[in-house]
Amino acid sequence: MHFLNPIWLWGLTGLAIPIAIHLLSRKEGPLIYIGSVRHLQESNTSQFRAIKLNEVVLLIIRCLLIVLITLFLAGLQFNTFTQNEQWVLLEKEIENQPEVRSLLDSLEEQHFDKRYLAAGFPTEQDSLASNSKANYWNLIQELSKKDLSNVVVISRSHLANFQGERSFLPANLRWITIDTQAGEYVQAAYKTDGDSLLLRVSQTNSQEIKMEYKKVAASGRYNSVSKDTITVVISYSEEYLGEKNILEAALKSIQTIPMMIMEASVQSDQVAIAKNADWLIWLSEKNPPTTASNVIKATERNSPSLLSRLSSSSPQQEWSLATPLTVEQALESNLVVKLASLLLENNIYLTNDQRVLPEAYLLGQQDENPGPHHSTFVKADHWILILFLSLLFIERLLAYKRNQ
Amino acid sequence: MNPQLRALLKPEVINTVDGLELVARIIVEGFMSGTNKSKSVGIGQEFSQYRSYEPGDDFRTLDWKMYARSGRYFVRQADIETNITVKFMLDASHSMTYAEDGMSKVMYAKVMMASLAYLARKQCDAFGLFTVNEKKVGVVYPRFEQQQFLRFLNELVNVKSEGTWRKGNGLEHLYDHHGKEMIVFITDLYDQDTDLLQFISRLKTSRNEVIVFHLMGKQEIDLDFKGAFTFEDLETRARTKVDTLTQQKAYTQKIQQWLKQTRAWMLEKQIHYELVKISDPFETVLYNFLKARKSLAR
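Those protein sequences? They're chains S and H, same order as listed. Just so you know, we're using my numbering here: the first sequence kicks off at 1 and counts up by one. Just so you know, we're using my numbering here: the second sequence kicks off at 1001 and counts up by one.
These aren't lab readings, by the way, just hints derived from the structure by calculation. Treat the hints loosely; a few may be bogus.
With a Cα cut of at most 20 Å, we get these calculated DMTMM-like pairs of lysine to aspartate or glutamate [as the list claims (entries may be wrong)]:
1) H:Lys1241 / S:Glu395
2) H:Lys1135 / H:Glu1172
3) S:Lys92 / S:Asp113
4) H:Lys1160 / H:Glu1021
5) S:Lys286 / S:Glu318
6) H:Lys1218 / H:Glu1100
7) H:Lys1226 / S:Glu42
8) H:Lys1249 / S:Glu285
9) H:Lys1180 / H:Asp1224
10) H:Lys1241 / S:Glu42
11) S:Lys114 / S:Asp147
12) H:Lys1135 / H:Glu1162
13) S:Lys214 / S:Asp195
14) H:Lys1226 / S:Glu55
15) H:Lys1260 / H:Glu1274
16) S:Lys401 / H:Asp1224
17) H:Lys1254 / S:Asp147
18) S:Lys379 / S:Glu395
19) H:Lys1277 / H:Asp1101
20) H:Lys1277 / H:Asp1193
Sample of chain S residues lacking proximity to chain H, with all beta carbon distances greater than 10 Å (derived) [said to hold, decoys possible]:
21) Tyr33
22) Ser36
23) Val37
24) Val56
25) Lys92
26) Leu310
27) Leu344
In this text, a Cβ means the ideal position worked out from N, Cα and C, and glycines have one as well.
All chains should be built: construct the whole structure from the sequences, respecting the hints.
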C-alpha cells in the first residue's frame, strides 16, 4: 500500500463527525411536538431495537464512506506482486571483507542478485568482471533506467570514482558506504645521491590525502625510479631582461623541489633552440620558432591572469605570460607556484586515493520524480469509486427505510 | 372547509387586524346569508305588531290609544332586544401551538373568536376578551362601542401562546359576573392538577352560560403516525419515545375515555361542551355558539 498524497489522511479525523452525531442523537426518533404527552406511554419495542441496529449499520456505512473518500483523495496505490529483480552491487575489491560478506549473505537470502559495480554490471561468472574504473554517476543513471524493484550498492564510494555530472539516486536504491582503512602508501621512490632513497609517501583516509617526502637508506624494498629530467630553455631579448631575471629565479626555486630534476638554460633569442627542450620560455618580440616543445610566450598584458593558456591545435601547450612583469606582481600572483604546477603537471599522479564522497552527496539527492519503477504500483481509484457509490446507494436506501 | 377561505388561513393573514377581520367577515356573512330576523317578540323599543288581549297579559303592555280608537283591548308587541355580554376567554398556553397541516390550535382559536365577535357585534352584544397564560393575562373589558371590535382584534392578534396556564391567583377579575353574560372559553384542556377544570367550574353560575370549545387535532385523537417517534411535550418539554403502531389502539381508547369523562363533567355542571377538531369548518362552531346564546336569551 502506498499513498500519493498522505496529507489527505488527516481527513480520517472526519470520522469523528458521524460518530459524534450518532452518540448525540442515538436516543431520539424523529421528533414530533405535541400538546401533551400525558396519554402516551414510553415504549421500548422490537421496532425500536431494530431502529437502533439500523442506526449502527448506518453509522458503519457512513464511516466507511468517509474512509473511502479519504483514501481516494490520498491516492491509495497497491503494490503489485510481480517480483522484479533485486540486485546487490558491490566493488570487487571489498568482496572478501567480513562485514561485506555477512551483509551479502543476508541479502542473498532475500533473493538479491549479486553483481559487480562496474560498467555493464557483470555477474560473478561474467568474464567481464574486470577492475575497470567506472564513473559511478553514470552507473547510477543506468541503474535508474533499469526496471528493478530494489538495488543495494555496497561501495567504498571513493571520490575518484565520482566524476562528471552528478545524477540523482533513484528511490529504490540504497547506497551503503564501507569504511576504508586509512593508510600510508609509497607513491614513488627516487634515488638520490649516495645510498639514500627519497620516498614520496601519501597518507590518506576518508577525508583527506596528505603527501610528504621521506629520506631512507636504500634497500631492496623499493623499486627506485630515476627522475625525469625536464629541460627548460629561456630565450630572451634585451627588452625582457627584467622578466628573464624573475623567471630564472623562479626556475631556480622550482629546482629545489626534491623530485624535480630540471635543466634550465638561458640564452639570447638569436641563438638557435635545442630541439629536445621540453619547455621554451620565449621572451622576445619575435615569433617563437616552431619546435616540439611547449611554449610560454611573453605578450602585452591584456589578460587578468598572469599565465593563461592559448588555444592551440597542436599537441604542444602554448601559454602566454603577461608582461611587463615586476617582482611585486610575480610575488602577488604566486608565479613560482603556477609555473611549478605547469611544469610538473604530468609528473604527479596518485594511487590509492582513499578519499570518500561525502554521504550527504548521495543521501541529499533522492530522486523526486517518479521513475519507471513506480509502474509497479496500481492505482486503486476505480475500486474505491465503485465501492463508494455502491455503499452510498445502500446508505441512502437504509436511511430512507429508517425514516419510512 | 371552503378552499378560498382555506387559502386565507395563513399566519401572515391571521396575524394582522385587517386580515383577521376579513376572515371573520367571510365566515360570518357566509354563514348568516339568508337568515331572517329574530322570531321572538315582546317588550322593546322597536314596534312589531298588535295582538288581542288575552286574560293574564300584563296591563302595562295594553295600548290605551288603540283602545280609544277601536274600543278593543290590544297588546303592543315589539322585538325583544337582548343585550347580553359575551366574554371570550382564550387559553394562551404553549400547548396551543400544536399544529396540523399548517393550522395551529391558537390560529384556529383566533379565527373562531374573531368570527364569534363579529357575530356578536352584529347582534349588538357587548363583548370582551381575556387571554390567559403564565406570563400575561390580556384583558379587553366588555363594551358595546364602535371601536370595540378593532380593540378586540388588536388584542387577539398580539396574543402569544407561551408558558402554561396561570397557576394560583391573578384571575379574580375574570370571575366578576354581573348581568346576563355568556362565556366562550377556547382551550385544549391540557391542564395540570385539573386547574383548568377548576377555573371552568368557577366561571359557571346559575345566571350565565358557559360554552367550552375543546380544540383537538385529528392526529392527536387518532395517533395516526406510522412508526417510532419521539414526542415532546410543548409545555413541560418532557420527551417520550413511542412506537405509534403498537400504541395507537390503547391511546385512542384512552383519549376517547378522557373526552367522555370531560363531556360528562361539563354536562353535570351545565356547561356547553363542544369538541372541535382544528380541521373542522367554522360553521359548526358558529352554530353551536348561536345555540348556546339562544338558550340564554330565553
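Hint-by-hint comparison with the structure:
Pair hint H:Lys1241 plus S:Glu395 does not hold up; C-alpha atoms about 24 Å apart against a cutoff of 20 Å. Taking the CA atoms of H:Lys1135 and H:Glu1172, the gap is about 16 Å. The hint holds against a cut of 20 Å. The hinted pair formed by S:Lys92 and S:Asp113 meets the criterion: a straight-line CA distance of about 15 Å does not exceed 20 Å. For the hint linking H:Lys1160 to H:Glu1021, the alpha-carbon distance of about 18 Å falls within 20 Å, and the restraint holds.
Taken as a hint, the S:Lys286 and S:Glu318 pair is honoured in the structure, with Cα atoms around 15 Å apart against an allowance of 20 Å. Restraint check: the Cα-Cα separation between H:Lys1218 and H:Glu1100 comes to about 8 Å, which is no more than 20 Å; the hinted pair holds. For the suggested pair H:Lys1226 and S:Glu42, the alpha carbons sit about 16 Å apart, so the restraint of at most 20 Å is met. Proximity of H:Lys1249 to S:Glu285 is assessed by CA-CA distance (about 131 Å); at most 20 Å being required, the pair is judged violated.
Taking the CA atoms of H:Lys1180 and H:Asp1224, the gap is about 43 Å. The hint is violated against a cut of 20 Å. For a cut-off of 20 Å, the pair hint linking H:Lys1241 to S:Glu42 stands: about 5 Å separates their Cα positions. The hinted pair formed by S:Lys114 and S:Asp147 meets the criterion: a straight-line CA distance of about 16 Å does not exceed 20 Å. For the proposed pair H:Lys1135 and H:Glu1162, the alpha carbon gap of about 8 Å is at most 20 Å, so the pair holds.
For the hint pairing S:Lys214 with S:Asp195, the CA-to-CA distance comes to about 14 Å; that is within 20 Å, so the pair holds. For the given pair, H:Lys1226 sits about 18 Å from S:Glu55 by alpha-carbon distance, which is consistent with the 20 Å threshold. Distance restraint check for H:Lys1260 and H:Glu1274: the Cα-Cα separation of roughly 12 Å lies within the 20 Å cut-off, and the hinted pair is therefore satisfied. About 19 Å separates the Cα atoms of S:Lys401 and H:Asp1224, which keeps this hinted pair within 20 Å; it holds.
At roughly 82 Å between alpha-carbon atoms, H:Lys1254 and S:Asp147 are farther apart than 20 Å, so this suggested pair is violated. For a cut-off of 20 Å, the pair hint linking S:Lys379 to S:Glu395 is broken: about 26 Å separates their Cα positions. Of the pairs offered as hints, the one joining H:Lys1277 and H:Asp1101 holds, with about 12 Å between alpha carbons and a cut-off of 20 Å not exceeded. This hinted pair does not check out: H:Lys1277 and H:Asp1193 have alpha carbons roughly 24 Å apart, beyond 20 Å.
A beta-carbon of chain H is positioned within 10 Å of the beta-carbon of S:Tyr33; the least distance is around 5 Å. For S:Ser36, the non-interface assignment is contradicted: its Cβ lies about 4 Å from the closest Cβ of chain H, within the 10 Å cut-off. At the 10 Å boundary, the C-beta of S:Val37 falls inside the reach of chain H, the nearest C-beta of that chain being 4 Å off. S:Val56, annotated as away from the interface, keeps every beta carbon of chain H farther than 10 Å; the closest lies near 16 Å.
Distance to chain H confirms S:Lys92 as a non-interface residue, since its nearest Cβ pair spans about 81 Å, more than 10 Å. For S:Leu310, the non-interface assignment is confirmed: its Cβ lies about 100 Å from the closest Cβ of chain H, beyond the 10 Å cut-off. Even its closest Cβ contact with chain H, about 100 Å, leaves S:Leu344 beyond 10 Å, as expected for a residue assigned away from the interface.
Of the numbered hints stated above, those contradicted by the structure are hints 1, 8, 9, 17, 18, 20, 21, 22 and 23, listed in ascending order.
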